[in-house]
Amino acid sequence: MSEPIIQMKNIEKHFGSVIALAGVSVDIFPGECHCLLGDNGAGKSTFIKTMSGVHKPTKGEIVFDGKPMNFARPRNAMAAGIATVHQHLAMIPLMSVSRNFFMGNEPIRKIGPIRLFDHEHANTVTMEAMKKMGINLRGPDQAVGTLSGGERQTVAISRAVHFGAKVLILDEPTSALGVRQTSNVLATIDKVRKEGVAVVFITHNVRHALAVGDRFTVLNRGTTLGTAKKGEITAEELQDMMAGGQELAVLEGSLGGTV
Amino acid sequence: MADVSHTDERIKQTSRLRQALIRPELGGIVGTVAVFVFFFLFAHDSGMFNAQGVMNWSVVSAQFMIIAVGACLLMIAGEFDLSVGSMIGFAGMMIAIFGVTYELPMWIAILITFAICIAFGALNGYIVVKTGLPSFIVTLATLFILRGFTIFIPQTLERKTIIGGIREAAEGDWLAAVFGAKIGKPIFQWLGDAGVISTFERGSRIGEPVVDGIPMLIIWALGLVIFGHWLLTRTRFGNWIFASGGDADAARNSGVPVTAVKIKMFMFTAFCATVFAVCQVMEFGSAGADRGLLKEFEAIIAVVIGGALLTGGYGSVIGAALGALIFGVVQQGLFFAGVESSLFRVFLGVILLAAVILNTYIRRIITGER
Numbered sequence: 001m002s003e004p005i006i007q008m009k010n011i012e013k014h015f016g017s018v019i020a021l022a023g024v025s026v027d028i029f030p031g032e033c034h035c036l037l038g039d040n041g042a043g044k045s046t047f048i049k050t051m052s053g054v055h056k057p058t059k060g061e062i063v064f065d066g067k068p069m070n071f072a073r074p075r076n077a078m079a080a081g082i083a084t085v086h087q088h089l090a091m092i093p094l095m096s097v098s099r100n101f102f103m104g105n106e107p108i109r110k111i112g113p114i115r116l117f118d119h120e121h122a123n124t125v126t127m128e129a130m131k132k133m134g135i136n137l138r139g140p141d142q143a144v145g146t147l148s149g150g151e152r153q154t155v156a157i158s159r160a161v162h163f164g165a166k167v168l169i170l171d172e173p174t175s176a177l178g179v180r181q182t183s184n185v186l187a188t189i190d191k192v193r194k195e196g197v198a199v200v201f202i203t204h205n206v207r208h209a210l211a212v213g214d215r216f217t218v219l220n221r222g223t224t225l226g227t228a229k230k231g232e233i234t235a236e237e238l239q240d241m242m243a244g245g246q247e248l249a250v251l252e253g254s255l256g257g258t259v
Numbered sequence: 001m002a003d004v005s006h007t008d009e010r011i012k013q014t015s016r017l018r019q020a021l022i023r024p025e026l027g028g029i030v031g032t033v034a035v036f037v038f039f040f041l042f043a044h045d046s047g048m049f050n051a052q053g054v055m056n057w058s059v060v061s062a063q064f065m066i067i068a069v070g071a072c073l074l075m076i077a078g079e080f081d082l083s084v085g086s087m088i089g090f091a092g093m094m095i096a097i098f099g100v101t102y103e104l105p106m107w108i109a110i111l112i113t114f115a116i117c118i119a120f121g122a123l124n125g126y127i128v129v130k131t132g133l134p135s136f137i138v139t140l141a142t143l144f145i146l147r148g149f150t151i152f153i154p155q156t157l158e159r160k161t162i163i164g165g166i167r168e169a170a171e172g173d174w175l176a177a178v179f180g181a182k183i184g185k186p187i188f189q190w191l192g193d194a195g196v197i198s199t200f201e202r203g204s205r206i207g208e209p210v211v212d213g214i215p216m217l218i219i220w221a222l223g224l225v226i227f228g229h230w231l232l233t234r235t236r237f238g239n240w241i242f243a244s245g246g247d248a249d250a251a252r253n254s255g256v257p258v259t260a261v262k263i264k265m266f267m268f269t270a271f272c273a274t275v276f277a278v279c280q281v282m283e284f285g286s287a288g289a290d291r292g293l294l295k296e297f298e299a300i301i302a303v304v305i306g307g308a309l310l311t312g313g314y315g316s317v318i319g320a321a322l323g324a325l326i327f328g329v330v331q332q333g334l335f336f337a338g339v340e341s342s343l344f345r346v347f348l349g350v351i352l353l354a355a356v357i358l359n360t361y362i363r364r365i366i367t368g369e370r
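Keeping their order, the protein sequence lines are chains A and B. Counted the way full-length UniProt numbering counts, the first sequence spans residues 1 to 259. Counted the way full-length UniProt numbering counts, the second sequence spans residues 1 to 370.
Hints were generated in silico from the structure; no laboratory data involved. Be careful, since some hints might not be right.
As the list claims (entries may be wrong) - Example chain B residues on the side facing chain A (calculated, C-beta under 7 angstroms, incomplete):
hint	residue
1	Arg234
2	Thr235
3	Arg236
4	Tyr314
We put the CB at the ideal spot given by N, CA and C, even for glycine.
Could you put the whole structure together from the sequences, leaning on the hints where they help?
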């Protein structure tokens, strides 16, 4: 396998007296989908926020593209190619798909000193990108509000990829979606991975993780319980690790193995 | 049916009507047509549509337009400014204080006034974005602060609340002319001579046309509408305005400088209010402490009639301009039609309510909410 695009070495993060992360190490490779699993409060969010430059680690080192990285702001991380797609904070429903797609990265057409929003370019690119992802738009001026939750995630993902994301962090992209929408998002993840982008897929749904993941890291109470490759681990094992081997045992039978 | 693979059977074909319906200007266009048809039927012989009448409601509409453009862009960016009316009174008074009381050249007085008012706009914006308080409350405070100063300052300096003599002080001033002059006088004289528009038949202005030029106020209104529409729809900054009002957090996540956008829009609103004030004092020749009362609400009503959502993220400058036109035509039209003028307020309330209900419905169509 090639060099990891991003290495998190022994990351610790303390908030006052609370230890959110107590030494987590993860390597992420280009072209893989790395699933980060964990129950609520396991430290998943803190971990990805550290990766995307929102938090500074208390201890530990982050190596991005072979160089130690120290992002002052999320914007710097974005510029370097680390993009985060949040579940709810991605799209503006009242705005058109193409306006959303280019939000913050508007293409400029210059007429003398005057800089205009190049709508024509934006519309063409948006339609192409959407077609590639399998979303049929009525037109580039269709409002994002008319898209389903899964389609919105897909637009957000293809936007991040279009603007050169090397590492794509997906924060629970499937947790609020229906079955068909989920499968659309998972298919999108697969397409993106094949383009050589490293995908970090945060979820607490074992089945979603197993469907697309290449490697799996389970977080529990701020520590990692190791990283497993696809085929080396079963759904039941992952689930047990997430829950820390507790409570679930009682319900296992009635839940049919996976939650 | 060769194209069948590219269409999605779940996307219903939408009718042209429905597509037209989600344009924010729709309410404004329908309203404008309705209002003109109405007054043409009931007041066509009242002089409302001769040169003088047209100029009368055009000027009133242009006044509304100037402040509506600022209020519109600010509302789309997700904020309100309730201090517009007080700002108008305050700006007019500042011009009088600097230009008449302190006898500075009028162009300096105007420039200082613009600087002070835009600074107040920036302060409004800064407090709103830094504290996260609703702009409604912050600018309500500014409303009272500015109105208080507008009364206090002339009373302290001049022992009165109306300061006159501005027209005399502005005589021959180049910048004052930009706000107070009339253009196209030769054309109107020619139209008058040709009998297209009537001329004065007696008095000192005998032979002059009853409408002798287009006031700069109207030019400013049209200029601001064109600029606002262009900024909103054709530039990158326009996209940021929509994004800031649509969802500030999502916009920030995508790298839109939401804070700067909002502060700039507050400053632009203050600029528009000051343009209004300068045109007004140049026309009246005096500044009064009670000028601009309730203008903030009139601006907001025009914007809402024009299809903007009170919650931000959606709207149109053209719509707001049409809202202002409806406003001006109805206000003056009721006078021409000989209707009791207090009914104007009833009309205003009714049309505001209708516009808000229509806008909410349109929003549901766009966002697919049920």
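Violated hints, by number in ascending order, as checked against the structure: none
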